[in-house]
Amino acid sequence: MTGYIIKRVLAAIPILVFVGLVTFSLVHIAPGDAANIMAGDYAGPDDVKKIRAELGLDKPLGRQFIDWVKRTATGDLGRSIFSGQSVGKLVKQRLNPTLSLTVGGGLLAVLIGIPLGVVAAWKSNTIVDRVAQVFAALGLAIPGFWLGFILLWAFAVNWRIFPAIGFVSIFDDVGGFFRSIALPCLLLGVTGSAVLVRMTRASLLEVFREDYIRTARAKGLGERAVLFRHGLRAGAIPIITVVGFLAAGLLTGVVVTETVFTIPGVGRLVAEAVQQRDFPIVQSLLMLLASVYVLVNLLVDIAYAYVDPRVRL
Amino acid sequence: MGMSGSWKVTIVGGLAAVALLAAACGGEKIVERTVVVEKPVEVVKEKIVEKPVEVIKEKIVEKTVVVVQTATAVPTPAAAPESAKMGGKLSVALAAGISTLDVGRTTGTTASTPSYAVQEFLLAYDENLIAQPLLVDTWSLSQDSKKWSFKLREGIKFHDGTPLTAEHAVKSWLRWADRDNFGNTILTFVDKVNATGELTFDVNMLEPSALVLEGMARIGGYYPVIIPPKMYNIPAATGADVMIGTGPYKVKQYLPGDRLTVDRYDGYKPSSLKASFMSGKKVAYFDEVAYVIVPDQNSRIAALKTGQIDILDTVPGDFYKDLSKTAGVTVQIITNNSNRQGAWIDNVDGIFKDKRVRQAFAMAYPVEDALRASFGDSQFWTACPSMMLCGTKWGNFADGSQGIYNARDVAKAKQLVKAAGVEGATVIVLSPEDLPIYANPALISRKVLESIGFKVDFKATDWATQTNWREKPELWDVFHTAGGGAWGANPLLNSSLAKNKYWNKYQDETGRMTAGMDKLARATSAEQQLAIVKEMQLVFWEDIPYVSFGDSFNTAALRSDVANSRTSYGMPFNVFNSWREKK
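Order-wise, the sequence lines are chains A and B.
Our numbering numbers the first residue of the first sequence as 1 and each following residue consecutively.
Our numbering numbers the first residue of the second sequence as 1 and each following residue consecutively.
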């Protein structure tokens, strides 16, 4: 098992190097730079030129790349062009809201998605199955921002149950914390659970057609035992894969959620940095998110090996 | 015709202040004059207060008077009534994150909104856009008009406890002047600026100019705020990571990406002058003001409706009707804070280098279509044939615009294009799809250009890309943007009218516009200034540095119980001298 993990970790390194190269290139190929945004719309060519020189954006791209690699290799994520603050500090300041939403939304997605998928498969071709499938289809089809605004208008503006904007830290006010993350988590949970419902249902339906399930029933096992002891365990691998991607997807998907509900998290930091062409933030966060994806993939692979020993062979 | 007493006082007071400024900006001939005003106008060092009539004796120097004044008056803030509530919290929405706390670093930041409550200028504009003393107590001008001497008010301390001294004032102001375009212009008149005492400093001039006063009260561009050493010792290009000032509110907490909160500064020492726009006495009624960053406009509207936000400085036209009907919310269409909309054209690198082609584009343009496409109902905009923003002092005449502005004369435009020999040429129009107010008129421009004989290469992009493409002449011929505040009210501050200063690269081949600016900077009276601007407007409609559409108004929304907070001339809503009405 240890050898397997080491192999997987080593395989992740070239992926991260490749992602770094692509990230840097994409960020610099995109037209527009921070000097133009910083200067404001009243500024003319001379003003922009001056600011570009101040920021070092007039240096050759190769030189900028080498500087960036050197910094990143030593764990220095650089400084925001606009605020001058270190990217590490900015991320740290915004991690609490993002993690709260990711964990809350992820839990809700799993708690809704897997049981609903199981029930749908178990009661396939019944009204329960149809309802679950409609829920999943809507969850996939409805754009997150649209659903977010519907939730906002219904629960915050009309019924005044939850706040329309803002985040309260759990360390400041526990009640306020749950109220502030309720709607964003509901949005993430509903949209995230849609894939889980479909995947769980499909995976279990396939398992239910296997010979060993028929054998289990033939030997007189109860339906509950067939489902939980034989069906769910065998159908777990695809579900684990989806849960893994869901976790990573939630982390990147919070960009929309944080914007709609005005949560000051990492997602909004990315969105603002892209709009302002704040390269150090964009580069570092893209690298960070790519690393999270790689890490989640790694964990999923390890989970495979744990659930199915054939993978380790 | 009846005129209310307060307006009469305002006008007479304004005239007196102009006269006093004139006195302060003297030239060659020195005469003694007596200025009579009906009410104390406390803008001079020497005054005898004998209500109801005040007599001010001051040396008035004729010639070389430069008073850059613009715009019509804004309503005088009302005095706080019984219902005014001391205390409570106020929330102001910011549409974008605060990218730096140092307003000397960039103009492209929402930090200028909280800065208005936290930091102060040496002089500040009153409702007639006349510079009045704020941190300065008095000033005088030498007989040869080449030395300004200023004295600061006593006992003022920055929020970090540092006493305000002349050295801090000089270093802060020079930091601003070095950074700001207008400041650069002023420095060409200045020999040196030096502290002469704890609270006194001199500005020694190479040649007489009153632009110094305007530079101390400058709005639009960078703010000439007075800051402590902890801030001014850090180069403006780097930017300080704190916001410290002398204003009625001090920064309490800054949570990047979320909010900046200010609370009342107990050590605040207000001016004794009557509150008027940015000048005079400031009172911090609220205990705390939070500037909350809410990037999404739907979320901002939702937060206003629920009362989580009290002030929303911009409301899209689509929401106007909905918000107007919302209980507890007041919507304002602000007509003295407009923006000039237009199509900016490359005067140098493409077909528009020929003046006839620029004229053709302008005379074929249906400006109302463009304004309607951007802002909808006509209550949100006005067509305006003036070079400067309509409603401002120099924006109420149509001289030179006849036959060009909104003429919709496609036939004549075609003839001009033909005469220029560019019929059938390709014109590149940029359209920033993330900003419909500029993307929608791009469609009108496309139609107009095609109608007068051009092929159009329509490039849909985003705003950030457009700002970058503007630097490359081969990538564009036309883009759409807007300008407001001092830029739109004063030709001296309008970079699009200056030779080669802005992306339109106006060339002023005849030199008449540049000469006009030079004359305007040295004009000796309001009448002369007006005549010069009228001449410049004739040049504007002949040269067409850019195609001017008209003015869009800003729409704002506030919770109805927030009193006396308003926005004028591109400045943020004031949170000082504002209160929440008692329920």
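A few of these clues could be false.
No farther apart than 27 angstroms at their CA atoms in a straight line, the calculated lysine-lysine pairs in the DSSO-like style are these [to be verified]:
1. LYS50/A - LYS85/B
2. LYS85/B - LYS252/B
3. LYS50/A - LYS252/B
4. LYS230/B - LYS157/B
5. LYS499/B - LYS92/A
6. LYS85/B - LYS49/A
7. LYS49/A - LYS252/B
For the record, the hints were derived by calculation from the structure and aren't laboratory data.
The structure displayed is predicted, hence computed values, not measured ones.
Okay, the hints, checked on the actual structure:
Using a Cα cut-off of 27 angstroms, the hinted pair LYS50/A and LYS85/B is violated, with the two alpha carbons roughly 47 angstroms apart. For a cut-off of 27 angstroms, the pair hint linking LYS85/B to LYS252/B stands: about 21 angstroms separates their Cα positions. Distance check on the hinted pair: LYS50/A and LYS252/B sit about 33 angstroms apart at the alpha-carbon level, beyond 27 angstroms; violated. Taking the CA atoms of LYS230/B and LYS157/B, the gap is near 14 angstroms; set against the 27 angstroms cutoff, the hint holds.
Restraint check: the Cα-Cα separation between LYS499/B and LYS92/A comes to about 47 angstroms, which exceeds 27 angstroms; the hinted pair is violated. The suggested pairing of LYS85/B with LYS49/A is violated, with an alpha-carbon distance near 49 angstroms, which exceeds 27 angstroms. Straight-line distance between C-alpha atoms of LYS49/A and LYS252/B comes to about 35 angstroms, which puts the hinted pair past the 27 angstroms bound.
Checked against the numbered hints above, the structure violates hints 1, 3, 5, 6 and 7; every other hint is satisfied.
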